[in-house]
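Colleague: Here's the letter readout for the chains.
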Amino acid sequence: METKNIMIVGVGGQGTLLTSRILGALTIQAGYDVKLSEVHGMAQRGGSVVTFVRYGDKVYEPVVEEGQADVLIAFERLEALRYAHFLKEKGAIVVNDNRIDPMPVVIGAAKYPENIIEELEQHHRVYKVDALEEAKKLGNSRVFNIIVLGIAAQHMNFTKEEWLKVIEETVPAKTIEINKKAFEVGYNLHS
Amino acid sequence: MAEKVIMLGNEAFARGAYEAGCKVSAAYPGTPSTEISENIVQYEEIYSEWSPNEKVAMEVAIGASIIGVRALASMKHVGLNVAADPLFTVSYIGVTGGLVAIIADDPGLYSSQNEQDTRAIARAAKVPVLEPSDSSEAKEFVKFAFDLSEKYDTPVIVRATTRLAHSQGMVELNERIEREDKPYVRDFAKNVMMPGNAKGRHLVVESRENALEKDGCNFSINKVEYQDTSIGFITSGIPYMYVKEAFPEASVLKLGIVNPLPRKLIEEFAAKVDTLYIIEELDPIIEEQVKSWGIKAIGKEVLTVQGEYTANLLRKAIGGEKLSIAHPAQVPNRPPILCPSCPHRSVYSILNRLKIHGAGDIGCYTLGAVAPLSVVDTTVCMGASISTLHGMEKAKGKDYIKNWVALIGDSTFMHTGINSLINMVYNKGTGTVMILDNSTTGMTGHQDHAATGKTLMGEDANAVDIATLCKAVGVNHVYEINAFDTERLEKAIKEATAMDEVAVIITKSPCILLSKAPSKKQYHILPEVCKKCGMCMKPGCPAITKLENGTIAINDTMCNGCGLCEQACKFAAVKPVER
Ligand SMILES: Cc1ncc(C[n+]2csc(CCOP(=O)(O)OP(=O)(O)O)c2C)c(N)n1
Numbered sequence: 000m001e002t003k004n005i006m007i008v009g010v011g012g013q014g015t016l017l018t019s020r021i022l023g024a025l026t027i028q029a030g031y032d033v034k035l036s037e038v039h040g041m042a043q044r045g046g047s048v049v050t051f052v053r054y055g056d057k058v059y060e061p062v063v064e065e066g067q068a069d070v071l072i073a074f075e076r077l078e079a080l081r082y083a084h085f086l087k088e089k090g091a092i093v094v095n096d097n098r099i100d101p102m103p104v105v106i107g108a109a110k111y112p113e114n115i116i117e118e119l120e121q122h123h124r125v126y127k128v129d130a131l132e133e134a135k136k137l138g139n140s141r142v143f144n145i146i147v148l149g150i151a152a153q154h155m156n157f158t159k160e161e162w163l164k165v166i167e168e169t170v171p172a173k174t175i176e177i178n179k180k181a182f183e184v185g186y187n188l189h190s
Numbered sequence: 000m001a002e003k004v005i006m007l008g009n010e011a012f013a014r015g016a017y018e019a020g021c022k023v024s025a026a027y028p029g030t031p032s033t034e035i036s037e038n039i040v041q042y043e044e045i046y047s048e049w050s051p052n053e054k055v056a057m058e059v060a061i062g063a064s065i066i067g068v069r070a071l072a073s074m075k076h077v078g079l080n081v082a083a084d085p086l087f088t089v090s091y092i093g094v095t096g097g098l099v100a101i102i103a104d105d106p107g108l109y110s111s112q113n114e115q116d117t118r119a120i121a122r123a124a125k126v127p128v129l130e131p132s133d134s135s136e137a138k139e140f141v142k143f144a145f146d147l148s149e150k151y152d153t154p155v156i157v158r159a160t161t162r163l164a165h166s167q168g169m170v171e172l173n174e175r176i177e178r179e180d181k182p183y184v185r186d187f188a189k190n191v192m193m194p195g196n197a198k199g200r201h202l203v204v205e206s207r208e209n210a211l212e213k214d215g216c217n218f219s220i221n222k223v224e225y226q227d228t229s230i231g232f233i234t235s236g237i238p239y240m241y242v243k244e245a246f247p248e249a250s251v252l253k254l255g256i257v258n259p260l261p262r263k264l265i266e267e268f269a270a271k272v273d274t275l276y277i278i279e280e281l282d283p284i285i286e287e288q289v290k291s292w293g294i295k296a297i298g299k300e301v302l303t304v305q306g307e308y309t310a311n312l313l314r315k316a317i318g319g320e321k322l323s324i325a326h327p328a329q330v331p332n333r334p335p336i337l338c339p340s341c342p343h344r345s346v347y348s349i350l351n352r353l354k355i356h357g358a359g360d361i362g363c364y365t366l367g368a369v370a371p372l373s374v375v376d377t378t379v380c381m382g383a384s385i386s387t388l389h390g391m392e393k394a395k396g397k398d399y400i401k402n403w404v405a406l407i408g409d410s411t412f413m414h415t416g417i418n419s420l421i422n423m424v425y426n427k428g429t430g431t432v433m434i435l436d437n438s439t440t441g442m443t444g445h446q447d448h449a450a451t452g453k454t455l456m457g458e459d460a461n462a463v464d465i466a467t468l469c470k471a472v473g474v475n476h477v478y479e480i481n482a483f484d485t486e487r488l489e490k491a492i493k494e495a496t497a498m499d500e501v502a503v504i505i506t507k508s509p510c511i512l513l514s515k516a517p518s519k520k521q522y523h524i525l526p527e528v529c530k531k532c533g534m535c536m537k538p539g540c541p542a543i544t545k546l547e548n549g550t551i552a553i554n555d556t557m558c559n560g561c562g563l564c565e566q567a568c569k570f571a572a573v574k575p576v577e578r
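Read top to bottom, the protein sequences are chains A and B. The opening position of the first sequence corresponds to residue 0 in numbering that gives the first Met the number 0, with each subsequent residue numbered one higher. The opening position of the second sequence corresponds to residue 0 in numbering that gives the first Met the number 0, with each subsequent residue numbered one higher.
Calculated from the structure, these hints are not laboratory results. All figures in this text were calculated on a predicted structure; none of them were measured in a lab. Misleading hints may appear alongside valid ones.
[To be verified] Within a straight-line C-alpha distance of at most 25 Å, the following computed PhoX-like cross-link-like pairs (lysine-lysine) qualify: (1) K57/A / K315/B; (2) K574/B / K135/A; (3) K164/A / K3/B; (4) K57/A / K531/B; (5) K136/A / K519/B; (6) K545/B / K135/A; (7) K470/B / K427/B; (8) K531/B / K520/B; (9) K87/A / K315/B; (10) K515/B / K179/A; (11) K515/B / K453/B; (12) K164/A / K135/A; (13) K295/B / K315/B; (14) K315/B / K3/A; (15) K507/B / K490/B; (16) K520/B / K136/A; (17) K321/B / K89/A; (18) K545/B / K110/A; (19) K354/B / K569/B; (20) K135/A / K515/B; (21) K179/A / K135/A; (22) K493/B / K537/B; (23) K263/B / K125/B; (24) K173/A / K515/B; (25) K545/B / K520/B; (26) K427/B / K520/B; (27) K89/A / K315/B; (28) K110/A / K537/B; (29) K354/B / K401/B; (30) K395/B / K493/B; (31) K545/B / K3/A; (32) K290/B / K125/B; (33) K3/A / K321/B; (34) K519/B / K470/B; (35) K515/B / K180/A; (36) K87/A / K3/A; (37) K3/B / K57/A; (38) K531/B / K110/A; (39) K453/B / K493/B; (40) K135/A / K520/B.
Model the full structure from these sequences, guided by the hints.
Modeller: Below, the structure written as structure tokens:
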């Protein structure tokens, strides 16, 4: 199989590491060679963070490069725009339609771009969700990233059962049910 | 069949030390090396500790080695500068039990103050360097390093980079091999480095280098892949992966040992390929040596000494490919910031208001250098805040620094700050030192240190009382104030900076990320009372935003309830709510 390239982007503290851990475990159970690259340390303090996941028969470099991503999973819409050029021509963007102002915007030194989703839609297949809103409906705003992951699952070659099994094995025991529900919400949203 | 698991590079390093029978590990945290110790701690067979700094960590490992036990020290690249003194001389002493140092470089400067290349230091210290290129090799090379260390009587460096340390890949697990401790025998000529002995040991080091240069040609950790010989690459570490992606057909010499270089092996490979490229991130360490042997090769002429490489970079620079890549969108940067309710923000909002300059240091509090707080004027290295302020005073007189303070975190103070404070008192300085004590090593992800009362292995320990320590070195004016008590803090800062004597202000408030539960209290803005003046936004809390229509709002998923905005508001428009 040709190597699949997934990117997860967001704002430090949004839980990109949990998402990539689930993806990693999933690809291993399916018997692929896999490499993941993540950001620890300084960049987690509210900065822009990106995680790469690559799986296939044999994976060399751990990073996804510009123009190579099959799926871009974005937990914040400005971050989706920042990394959109990493996508392949037919790549898909799954974006949480939320806004977190970066410091230059907070202090008035820069403007938060308008119409980000529309701009992305001009060049890519875009699947958006207000995941925070959906997560609140489930009663736990923290599971928003699993909702986003549920949408992304539609663009990867694993079955729903495989996803649910890995989620069960990866998240803390107390949160298994809510995370599985969150996944279903996302999975059914654009299907 | 052996079990296969996915591991972070740093996790694999820890596993390698475990399997190799390592018994002692000492380190000081630093991105990207921190997770090595955080993973070693799971192995009961290994004693592991956070030392107060890298020099101490290296010396702890040296002690264990001398007495016949396999030992590990790990640190980030700049940590090796701090540990350089013991490293350069243990190179002469050699080892009894294997001694390995894992040093993590940071090409691309993900979280460091410089982009130095560990191989240059290792060359100067005449210490062998191994360089793995994925998690599986990370584990295997550490084991190889321990064997090498004992066989050649030398400390060995295993070099990582951020990309290796923080990438996950598949690793096959093996059993730990328990080793008998080597017997300790007093060896004056080998272990006591006074001039007469060191002269003799220097000769030993030189012949060891020569032996390694020859024997290294046959080490199993080097790999030669002959394919299309019109183009050949010499590379090592993570860049090997970029070469394989960009030029899958080319011939490759992948070096596992990068110091000393296996000369014969390189000469042989160079003779068999038409055009030779040398691909190494950061400095042209391999390239300059290879060229000095009269071998024709291309390296930094077409590549860079800065940042990380990528396969695309090689495709463009070497393949001459024109890649059709969409331009990145022009979007505002998102630099890291102080968290909502970070105690450092409270301290900095006062310093900003008082227009005080900060001789800074390294930690989360360095983030106060950027707008809107803009209070940190200088950042050099860990511990430098107090000593640079002292230097300013000695250059310009005590009145010049009346509107300056030194800013240093608790972990950094224990690391090297204390030396500078001793100096400031001893040499009759008058500076004001602010120790921002958040009870943890925050920046690197919350590690304990000598003033937190816990060890790496989770045991209760003595917690250095920083105030008492400062008094003991001769500081007569020591304040301890809650970071959010802005009134008292402001008064103390004014008093201390006016004084003609050293004063220390310890601001005590734990890092907000230490409390796992979300805060019960939150703030919101009463829209009918708010005058939209923006005073609450001055401290630069990321939870507060001004909407397009000028309305100011607090994001309820981000607010941690410190109330700094309530203190800043003159119109009582910011009110607490229970969550
Ligand atoms: C010599 C050296 N070792 C390690 C590091 C990595 N590092 C950067 S800041 C820091 C400590 C931060 O802790 P502290 O001083 O308590 O400040 P905080 O981040 O908690 O505000 C460390 C270990 C470094 N930059 N230099």
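Colleague: Checking against the hints above, which ones are violated?
Modeller: 4, 26, 31, 34, 39
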